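A.B. asks: With the sequences and hints as input, model every part of the structure.
As a plain string of letters, each chain reads:
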Amino acid sequence: MIIGALEFPPIEHVVEWPAWFAHETMFAFNKIAFINLLATVLTIVIFAVAGTKKQLVPRGVQNLAEVSVQFIRNEVIAPGIGHGGERYLPMLISMFFFLLFSNITGIIPLFNMPATARMATPLVLAVLAWIWFMGVGLKHHGLRYITGAIFPPGVPKPLYLLVTPIEFLSTFLVRPFSLAVRLFGNMLAGHILLVTFSVMCITLWGFKPLVAALPLSLFMLIALTGFEVLVAFLQAFIFTILTAVYIGGALHPEH
Amino acid sequence: MLVAALLAAEEAKKTVNPILPVMEEIHWAAGSFVLLWLLMRYVLLAPVARVMDEREERLRESRAEADSASSGAEDAVAAYKAQVNVARAEATGIVTAAREEAERYRATQLAEANAAIHEQREQAAAEVTAAKAAALAQLRTQIAGIAVTAASRAVQKDLVLDAQLQVIEDYVNGVNKGGSR
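So the sequences go chain by chain: G and E. For the first sequence, the numbering used here assigns the number 255 to the last residue and increments by one with no breaks. For the second sequence, the numbering used here assigns the number 1181 to the last residue and increments by one with no breaks.
Calculated from the structure, these hints are not laboratory results. From a predicted model like this one, the values you see are computed outputs, not experimental measurements. Treat the hints with caution; some may be incorrect.
[Claimed, not checked] Below, in silico cross-link-like pairs of lysine to any residue (SDA-like), each with a Cα-Cα straight-line distance of 20 angstroms or less:
1) G/K31 <-> G/H13
2) G/K54 <-> E/S1062
3) G/K54 <-> E/R1058
4) G/K54 <-> E/L1045
5) G/K54 <-> E/R1060
6) G/K31 <-> E/G1031
7) E/K1132 <-> E/N1173
8) G/K31 <-> G/P109
9) G/K53 <-> E/L1039
10) G/K53 <-> E/L1059
11) G/K54 <-> G/L38
12) G/K31 <-> G/T164
13) G/K31 <-> E/V1022
14) G/K31 <-> E/A1030
15) G/K31 <-> E/N1017
16) G/K208 <-> G/F219
17) G/K53 <-> E/R1050
18) G/K54 <-> G/V69
19) G/K53 <-> E/Y1042
20) E/K1081 <-> E/A1097
[Unchecked claim] On the chain E side, residues computed to face chain G include the following (Cβ under 8 angstroms):
21) A1030
22) A1097
23) I1168
Ideal Cβ positions, reconstructed from N, Cα and C, are used throughout, including at glycine.
C.D. replies: Shown next as structure tokens:
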């Protein structure tokens, strides 16, 4: 797409990545798959190394792992699930690190692409979160979990005609959809913004009449890169804590 | 027309929708995450959590020990203060007793000194009285001697000193008797 002197790449060039191997198969391996795998490997390495260290005062990787565990316990599980939430720590900490590393690659040179700016990763995690909180609700409360959710107590009976479909949609359908779309939209928007200002910098560098505007574009590019660090962490945290809140709602529906 | 429609459909197939998920990426994302979750659940998290729990337990024990030591120190301070109070009371008693003893000693010594002074004073008075009597006797003898000598010269005759002295003595005694009347 060409706007004035700027030539923006088509959107598929910004988000589509060709397969590196296993072309035309259901396991075609591209950059997104590589980032997902890298996120898994990095998290495994961090916790595997941290698990071998038993220093009284943790440092380095051990400190990172312990601070992360403490963070998920205190800032995600305690407010989101409460009593009985410790058993969900492995799932939530895996989710947080997997998303953080999948997000942060958007600002790392040579990657320059968050895996979560493609719908697959957010969708997979959102569906898993949905399966998880539905499973927790059904395991602990049986079908009363569903009936309690769509027929909230204290509502006048005629209003159930209105409330029940809304509760059903919002609790069982919208939740995974909103989880996935929120993460995907934020990361794709950030990625497109970085691409935009990168293209603008390149164009202004080559277009002498407007080269004076280059510092502004460069400043925006640097500022947005810093902002994307915050977004990467924040979106991972939001996704994880919302999952915890949904699990907590399924575990203690009376609250 | 049909060919154009087929070509358009083929073109639409090639056009990527950036919103829709791709099945291959779903497989890799799901596989990667499930692998991570399983490893985290059964292998990775336990050692880290165990170290944290052990540290927490050690901190709890150390805190309990510190609290116990602090309580012991407070007890020791209380015992020390009690001992200080007892010692202070004992010291006060000792000082009071010593002061009373010193007062008693002072009074005894003062009484003894006063008695000794009084005795010495009486002894000195007796000595003065005796010396005065001896001096008077001596003076009387000398005066009598002088008077006898003077009388011997006046009468141109030797007088017996002892007889004259007896006369003088009797006279003096008679004067004293007369004077006392």
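A.B. asks: Determine for every hint whether it applies to the structure shown.
C.D. replies: Evaluation of the provided hints:
1. Using a Cα cut-off of 20 angstroms, the hinted pair G/K31 and G/H13 holds, with the two alpha carbons roughly 13 angstroms apart.
2. Restraint check for G/K54 and E/S1062: the C-alpha separation of about 18 angstroms stays at or below 20 angstroms, so the hint holds.
3. Between G/K54 and E/R1058 the CA atoms are separated by roughly 13 angstroms; this keeps the pair inside 20 angstroms, and the hint holds.
4. The straight-line distance between the Cα atoms of G/K54 and E/L1045 is roughly 13 angstroms, inside the 20 angstroms bound, and the hint therefore holds.
5. In summary, the hint linking G/K54 to E/R1060 is supported, as the alpha carbons are separated by about 18 angstroms, within the 20 angstroms threshold.
6. Between the alpha carbons of G/K31 and E/G1031 the distance comes to roughly 15 angstroms, so the proposed pair stays at or under 20 angstroms and holds.
7. Under the criterion of a C-alpha separation no larger than 20 angstroms, the hint pairing E/K1132 with E/N1173 is consistent with the structure, at around 19 angstroms.
8. Proposed proximity of G/K31 and G/P109 is supported: the alpha carbons are some 13 angstroms apart, at most 20 angstroms.
9. With a CA separation close to 18 angstroms, the supplied pair G/K53 and E/L1039 stays within the 20 angstroms bound.
10. A C-alpha spacing of about 18 angstroms is found between G/K53 and E/L1059, which places the hinted pair at or below 20 angstroms, so the restraint holds.
11. At most 20 angstroms may separate the alpha-carbon atoms for a hinted pair to count; G/K54 and G/L38 exceed this at roughly 26 angstroms.
12. Between G/K31 and G/T164 the alpha-carbon distance is near 43 angstroms, which puts this suggested pair outside the 20 angstroms criterion.
13. Of the supplied pair hints, the one linking G/K31 and E/V1022 holds, its CA atoms being roughly 13 angstroms apart against a limit of 20 angstroms.
14. Restraint check for G/K31 and E/A1030: satisfied, since their Cα atoms lie roughly 15 angstroms apart, inside the 20 angstroms limit.
15. Proximity of G/K31 to E/N1017 is assessed by CA-CA distance (about 17 angstroms); at most 20 angstroms being required, the pair is judged to hold.
16. Note on G/K208 and G/F219: the hinted pairing holds, with a Cα-Cα distance of about 18 angstroms set against a maximum of 20 angstroms.
17. A hinted pair counts as satisfied when its Cα atoms are at most 20 angstroms apart, and G/K53 with E/R1050 qualifies at roughly 11 angstroms.
18. Only pairs whose Cα atoms come within 20 angstroms are accepted, and G/K54 paired with G/V69 is accepted, the gap being roughly 15 angstroms.
19. A distance of roughly 18 angstroms separates the Cα atoms of G/K53 and E/Y1042; the hinted pair therefore holds under the 20 angstroms criterion.
20. For the hint pairing E/K1081 with E/A1097, the CA-to-CA distance comes to about 24 angstroms; that exceeds 20 angstroms, so the pair is violated.
21. A cut of 8 angstroms between beta carbons decides the hint on E/A1030: the least distance to chain G is about 5 angstroms, and the hint holds.
22. Below 8 angstroms, beta-carbon pairs count as interface contacts, and E/A1097 has none with chain G, the closest being about 60 angstroms; its hint is therefore violated.
23. Given hint, E/I1168 at the interface with chain G, is violated; its Cβ is 129 angstroms from that chain's nearest Cβ, farther than 8 angstroms.
Hints 11, 12, 20, 22, 23 from the earlier list are contradicted by this structure; the remaining hints agree with it.
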